[in-house]
Amino acid sequence: MKAEKDLLKIKKEKDSVTKQKLLKIIESIYDQFSREQIPQLLIPTRTKSNIEFNEESEVWVYGDRESARSCKTVRGAYSLLKSSYTIEFLKKQLDESRSSTLRELYYISEGWKLAKFREQPESDRMIEDLEIITELQRENFHVRPEENGATIFGPIRIKENVERRGQVSERVIHCVDDVGEGGYQIPYNVDNLDFVEHDAKFIIAIETGGMRDRLIENGFDTDYDTIIVHLKGQPARSTRRLLKRMNERLKLPVVVFTDGDPWSYRIFASVAYGSIKSAHMSEYLATPAAQFIGVRPSDIVNYDLPTDKLSDQDVRALQSELTDPRFATDFWKEEINLQLELKRKSEQQAFASRGLDYVTDVYLPERLTDLGIV
Amino acid sequence: MAENIAEKLAQKQREISIAEFFEKNRHILGFDSSTRSLITSVKEGVDNALDACEESGVLPDILIEIKKVDKDNYRVIIEDNGPGIVKEQIPRVFGKLLYGSRFHALKQSRGQQGIGISAVVLYAQLTSGRPTAVYSKTGKDEDAHYYELVINTQTNEPEILMERVVPWDRPHGTRIEVEVEGTYVRARKQSIYGYAKSTAIVNPHARLTLVEPNGDTEVFERVTEILPIEPCEILPHPEGIELGTLIKMLRYTERRRLTSFLTNEFGRIGQKTAKEICAKAGIDPDVNPSDLSRDQAKRLLEAFKTVKIIAPSTECLSPITEELIRKGLEKEYDVDFIATTTRDASVHTGNPFIVEAGIAYGGSLPKEERIDILRFANRVPLLYQQGGCASTHAVEKINWRNYELLQPGGSGIPQGPIVVLTHVASTNVPFTSESKEAIADIPEIVDEIELAVRDVARGLKNYLAKQKILAKRKEKEEIIERVLPKLAEKVSEIKGAPQPDIQPIVAKIMGNVLVQKTTEQNDAACTVTIRIKNFSESLKEFKLHEVSSVEIEDSTPKPRVSSFDGSFDNMWKVSIKPKSEKKVRYKVKSEESANTSPLVEGILAEMVTGANALPKKRTSE
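Quick mapping for you: the protein sequence lines, in order, are chains A and B.
Taken in order, the first sequence gives residues 58 to 431; the numbers are from this note's numbering.
Taken in order, the second sequence gives residues 497 to 1117; the numbers are from this note's numbering.
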């Protein structure tokens, strides 16, 4: 009981720090009014031209360039108004120890008249802006994303700490024995998870559900003592955070297995280097030790994979990656240029053309040996 | 041998009738495709009708009716309320090529050579095998004459198939009916509908009624009751006259002295100029003109170029005028902005000409198509050969990107919600061909068209710039009137603090002069401070007034005080540089006076924030 009380007390303190940081933004606007300055908020520019490599944490974070949201323009003025309404809402939510989803926040703004968000991406960005200014995370605001359904499956036992109506409870789950074939669904706040024990040698993060199911059906997890994480496309923050925590705490290597197209390389980049949109949290989310297994453009040649033609959008995305500082390595330059030359792309499931076991019996073992993991 | 062949050839050599020539070369006259032939038939008829009405001072009321006869043939009916044609002339006007009243006259008219309508008659008999029917009546009490006629192509003479007096309810006018081969289209600019619409724009004094083959009737109503000024005939201008013409004139003149020849046979040459010309050419001014040698004629021609001769009279021209082009565009297009211009007259090869232009922008015009160029010559729409026309070339030379239009490559016809209208009026419009669809690239004409189009384009540019400023001002107003007050309210509410005064920020955003009045109550008196800050970019000078019911005290600086109706007007002259600040401070023993808004005088209301601006100078002094 005492531990529970302490936990609640710590939470209250954390909430009060969050509120103060949010109110500082309001103070700043108010002060600018008093000092007869046109109110503005400065936020780091969130484009690929303003991300830089942090030597210490080995991830990509925002650089020094800042953009101003200023009342000089209609857009800026509305942005400030929306910020103040959002902060007012978050403050009330923290006062009442409640929480809401990003989507709920968007709907709540319906009643804000002039400050109403036009679409959910706008309110999502607002929360990101506030994270960047306060140097906090949306969890601190009691704002959470929708569950996105990403899962883990493998020899690990974890402990959940769940809070509901002011009651905290624990639950211990083994991610093979205690879950169905679907695996353990990653919750939105993975910092509430503790790792109890594990028998794994490495973690494999997979882009598509089809390939994840293939590995499980073929018993890849038991044959290689691996934890299989399903990324489900561009991974949610919680998935990336979980990968990072497992990598750091359990010292388990992480490999990423995706399709062989520009969008998939961005999935890997957001896992390993940090994403452009949330570079303010790269140190918290990115796993710099993560390695890319494939599908590499050179695999298309080496394994003679069935391919599709690159679309115009694909080509543009590849060209954009050539100027993306995160991909400015010899490996990526060679691979991307090769793909532009081939004008082809391949999916991970293309290995099925060599038989259903080929990927688990031949390709992955070969690549894992290359990377020095088995 | 050679002589024999020449003899043989001589047997075959004979005169070719002009009618025979055109029978073989009808494309030259605009009868090439079946679509165009139908349009040309209508066009020639309407041109004649308009010319006839205007010459006799009648507001044109013209009926155009197209009826489908069979698969390929249409019956074209053009009826006007003009003066009619006297009985004896009817056969030759319609049944003889190169017969007309305007060929020899130096004045602006639609038709010129007397080819147009008789070519239609010829085209009709060639394609449908049917004669042309003509009704004409010259007055209320006159008979209406009806003719059916064809052209004898060998002799270029009319052949009358029927001739009689018929009852006709019109007081006067002419009606022509021809049956021709053709194709009727509607959808595009190159159509009879398009022709009628264009004609209506530049002839706002005419009412056109179009009855289409499907029975649809469209009336293009007139928007003015005033006829264009009737152009008068002028004498030829010496500039640009050709040697052969000059020699011909010298030989056949009735004048016996060169100076008299020059002053009487040419326009714009007086006694003084005539003598100057003779001196320059080194010819005795009293010599008989018919005695001049070719060489002397040539020297005379040279002298025309070096002696300063005033530009030809423009009385022979009848521009549409800026106002009527505007009205014409207004009635046929739904747009946001129209600019029009009529330029001063210029001269090309001795012929005076005037260029007019109009531009219509926005409204329901398509944004993503190439702009429409409506070309006119002597009030006649030019529908074909757009690419080969001087008007088009002038438009293409302009950089339309300055007007926020798409213009790939920086030249050529741009894309955007614009209609450009060009009108060239001249005693002699130089067409590239006899079908009169494109104006030739005479440098003087291209330059004038370009200047005219640039002129109206400048008008458009100013309009767009104003719209931009308005939009910006509107945007700023949205910030200061809607968003800022709400933001100030919200942040003070969250902070739990009193609302800040947003006026200084409003003044800053608008670039205005801020007049901020604060009062402090202490015991019996109020201390009033008026802070003036100039957020604009320029020095501002104005008068600041505070009206009080009692005299104010301890004022720094001192105001000029005048009293009226028991009140006091305290006035300070303010001169304030950009970004600087001044203060006026005083005490007053009346709360009421302390709480009124300050007044300013001599500065525009929209340049001030926090004070009421007086519209005019006060008379109380």
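No lab work stands behind these hints: they were computed from the structure.
A portion of the hints provided could be inaccurate.
Ranges between beta-carbon positions, derived for each pair [stated by the list, open to error]: (1) 64/A / 1027/B: 53 to 61 Å; (2) 839/B / 132/A: 25 to 33 Å; (3) 171/A / 961/B: 24 to 32 Å; (4) 112/A / 1100/B: 29 to 37 Å.
Residues on chain B that point at chain A, a partial pick, calculated with CB under 7 Å [as the list claims (entries may be wrong)]: (5) 966; (6) 969; (7) 975; (8) 977; (9) 979; (10) 983; (11) 984; (12) 985; (13) 986; (14) 987; (15) 990; (16) 991; (17) 994; (18) 1000; (19) 1004.
Since we're looking at a predicted model, the values are computed, not measured.
Even for Gly, the Cβ is constructed at its ideal location relative to N, Cα and C.
The hints, checked one at a time:
1. Against the hinted window of 53 to 61 Å, the Cβ-Cβ separation of residue 64/A and residue 1027/B comes to about 55 Å, which satisfies the hint.
2. Separated by about 45 Å at the C-beta atoms, residue 839/B and residue 132/A break the suggested range of 25 to 33 Å.
3. At roughly 30 Å, the beta-carbon separation of residue 171/A and residue 961/B lies within the given 24 to 32 Å, and the hint holds.
4. At about 59 Å, the beta-carbon gap between residue 112/A and residue 1100/B misses the expected band of 29 to 37 Å.
5. A distance limit of 7 Å between C-beta atoms decides the matter here; for residue 966/B the minimum to chain A is near 14 Å, and the interface restraint is violated.
6. Evaluation of the residue 969/B hint against chain A yields a violated restraint, the C-beta minimum of about 12 Å exceeding 7 Å.
7. About 5 Å separates the beta-carbon of residue 975/B from the nearest beta-carbon of chain A, less than 7 Å, and the hint is met.
8. A hinted interface residue such as residue 977/B counts as satisfied when its beta carbon comes closer than 7 Å to some beta carbon of chain A; here the least separation is about 11 Å, so the hint is violated.
9. Interface restraint check for residue 979/B: the shortest CB-CB distance to chain A comes to about 4 Å, inside 7 Å, so the restraint holds.
10. Hint status for residue 983/B relative to chain A: holds, with the closest Cβ pair at about 5 Å, below 7 Å.
11. Nearest Cβ of chain A to the Cβ of residue 984/B: about 6 Å, under the 7 Å cut. The hint holds.
12. Restraint check, residue 985/B versus chain A: the minimum CB separation of about 9 Å is more than 7 Å; hint violated.
13. The restraint placing residue 986/B at the interface with chain A holds, with a minimum CB-CB distance near 4 Å, inside the 7 Å limit.
14. Interface hint status for residue 987/B: upheld, as the beta-carbon distance to the closest one in chain A is roughly 5 Å, under 7 Å.
15. Of the supplied interface hints, the one on residue 990/B holds, with its beta-carbon coming within about 5 Å of a beta-carbon of chain A, less than 7 Å.
16. About 5 Å separates the beta-carbon of residue 991/B from the nearest beta-carbon of chain A, less than 7 Å, and the hint is met.
17. Given hint, residue 994/B at the interface with chain A, is violated; its Cβ is 10 Å from that chain's nearest Cβ, farther than 7 Å.
18. At a threshold of 7 Å, the smallest CB-CB gap from residue 1000/B to chain A is about 4 Å, leaving the interface hint in force.
19. Satisfaction of the interface hint for residue 1004/B is found here, the shortest Cβ-Cβ separation to chain A being roughly 6 Å, below the 7 Å cut-off.
Comparing the model with each numbered hint stated earlier shows that hints 2, 4, 5, 6, 8, 12, 17 do not hold.
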